[in-house]
Amino acid sequence: MLDRADTRADFQEAAKGGTPPPARRGFLRPLVQFALMALVLAGAWVAMERLAASRVERTPRTFTPTVYTVETAIAVRADNRPEIRLYGQVGTGRSVDLRTVVSGDVVEIHPDLVAGRRVTQGTVLLRIDPFAYEGALVEARANLSAVNGAIAEIDARLASEREQLEAATAQLELASADLDRALQLSQSGTLTGKEVDARRLILSQRQQAVSQSRNAILIAGAQRTQQEANAERLEWKIREAERRLADTALIAPFDGVISEETVETGRSVSANEVVASIYDDTALEVQFTLTNAQYGRMATDTDPLVGRQVELSWSVGGRDYVWPAIIDRIGARVTAERGGVEVFARIGPADNPVQLRPGAFVALSVPDRVWPGTFRLPETALRSSDHVFIVVDGELKRRDVRLIAWDGEDAILEGDLNDGDLVLATRLTEASEGVKVREPSVAAAAPAAAPEMPAADMESGQ
Numbered sequence: 294m295l296d297r298a299d300t301r302a303d304f305q306e307a308a309k310g311g312t313p314p315p316a317r318r319g320f321l322r323p324l325v326q327f328a329l330m331a332l333v334l335a336g337a338w339v340a341m342e343r344l345a346a347s348r349v350e351r352t353p354r355t356f357t358p359t360v361y362t363v364e365t366a367i368a369v370r371a372d373n374r375p376e377i378r379l380y381g382q383v384g385t386g387r388s389v390d391l392r393t394v395v396s397g398d399v400v401e402i403h404p405d406l407v408a409g410r411r412v413t414q415g416t417v418l419l420r421i422d423p424f425a426y427e428g429a430l431v432e433a434r435a436n437l438s439a440v441n442g443a444i445a446e447i448d449a450r451l452a453s454e455r456e457q458l459e460a461a462t463a464q465l466e467l468a469s470a471d472l473d474r475a476l477q478l479s480q481s482g483t484l485t486g487k488e489v490d491a492r493r494l495i496l497s498q499r500q501q502a503v504s505q506s507r508n509a510i511l512i513a514g515a516q517r518t519q520q521e522a523n524a525e526r527l528e529w530k531i532r533e534a535e536r537r538l539a540d541t542a543l544i545a546p547f548d549g550v551i552s553e554e555t556v557e558t559g560r561s562v563s564a565n566e567v568v569a570s571i572y573d574d575t576a577l578e579v580q581f582t583l584t585n586a587q588y589g590r591m592a593t594d595t596d597p598l599v600g601r602q603v604e605l606s607w608s609v610g611g612r613d614y615v616w617p618a619i620i621d622r623i624g625a626r627v628t629a630e631r632g633g634v635e636v637f638a639r640i641g642p643a644d645n646p647v648q649l650r651p652g653a654f655v656a657l658s659v660p661d662r663v664w665p666g667t668f669r670l671p672e673t674a675l676r677s678s679d680h681v682f683i684v685v686d687g688e689l690k691r692r693d694v695r696l697i698a699w700d701g702e703d704a705i706l707e708g709d710l711n712d713g714d715l716v717l718a719t720r721l722t723e724a725s726e727g728v729k730v731r732e733p734s735v736a737a738a739a740p741a742a743a744p745e746m747p748a749a750d751m752e753s754g755q
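Here the sequence shown is numbered in the working numbering, starting from 294 and rising by one per residue.
Because the hints were derived from the structure by calculation, they are not lab data.
Computed from a predicted model, the values in this text were never measured in an experiment.
Pairwise CB distance ranges, derived in the manner of DEER restraints: (1) G713 / Q382: 44 to 50 Å; (2) G701 / G409: 35 to 41 Å; (3) P642 / N441: 54 to 60 Å; (4) G701 / D594: 16 to 22 Å.
The beta carbon of each residue, even a glycine, is placed where N, CA and C say it ideally should be.
Make a model of the complete structure from these sequences and hints.
This is the structure we're talking about:
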């Protein structure tokens, strides 16, 4: 601003007087400007130094390592047997399709022949019209009576023929003796040749009579044998007729529950037609599948798979009901579509208010093989499936392990662990070798000045 004012003044003076400004005033002006600038910078520097000197000195804090409050589990070496959780379906160990053996019209049906009803052994479930089968039985018995009469007649004829044979034999002996005497007398001339020939004729007639009686006896014996065969055939016919008559009644073969029925009164049924199905509700079984790995472990265990105790649970009505079961048999072949081996377990009785039914989908708990000398730890203790951390003097130490099996929320492990080791069981993101930790009981007794990680900050590491 001074420069502009001076310049204006100079121009005005030059315009008035016509003389140029003096050279001294042009030289002093830059010096004055530089001096003012130096004074401003010096003042700013002095003010900054005074502010820096007036600040409050803070003492540095000493670094204290973070200590995490964690949960631990005690490692105990023992023989562990995990439980395998599987699913299966209840089936009938004893089920029968009830078929009509004979054909005819249904004239009677038991009231309990309804699906879901329980029947007892020996109950007549339905009856077929027995009229034709009763007639067949009467006819068979009449035929047998006729044959028995024929046999009696033959026996009487045989008795008569035997008597006639005895008489003819005696007459033959007399005729033979008479011929011998006639021959002796003919030699002395007492009897003529004609009289001797007459005696020979009589002897021949007596021999023919004996032969006829013997043949008659043989023929009668053969006839009796034929009639006896007919009698045996007719006796079987009677038994067949009796059985077919009995088969007009369809009887429950055992105590059980009717699962299906397809017959009504008045309906005509044919032989071998399925009219109902029944299953034994005390012989239920559950079918489930073991993977090849599971089957291989159990099959090589000292405890045989067949006969092993299992437990099944049926969830119904918001509750779980439990039944015991015993593995009864193993499937005949590997089921490729399911990728394993089928196993069947026989279900035992249980005091439950609900009745287990075929087709129910159930959960099973099957004991796996025994792993001797292993450790059971919570699943949260296992890190990356190959190591855990133990607590030694308040610090974490890594130990390598091998995962053998899972048992619910527990892991069965073996590795570089000893009995009594305190294993870290908390999901700690900062877990590594040398990290400081303490248990909750130790944290409660620690001084208030010791820093502690709150539970909410453990995963974030703050």
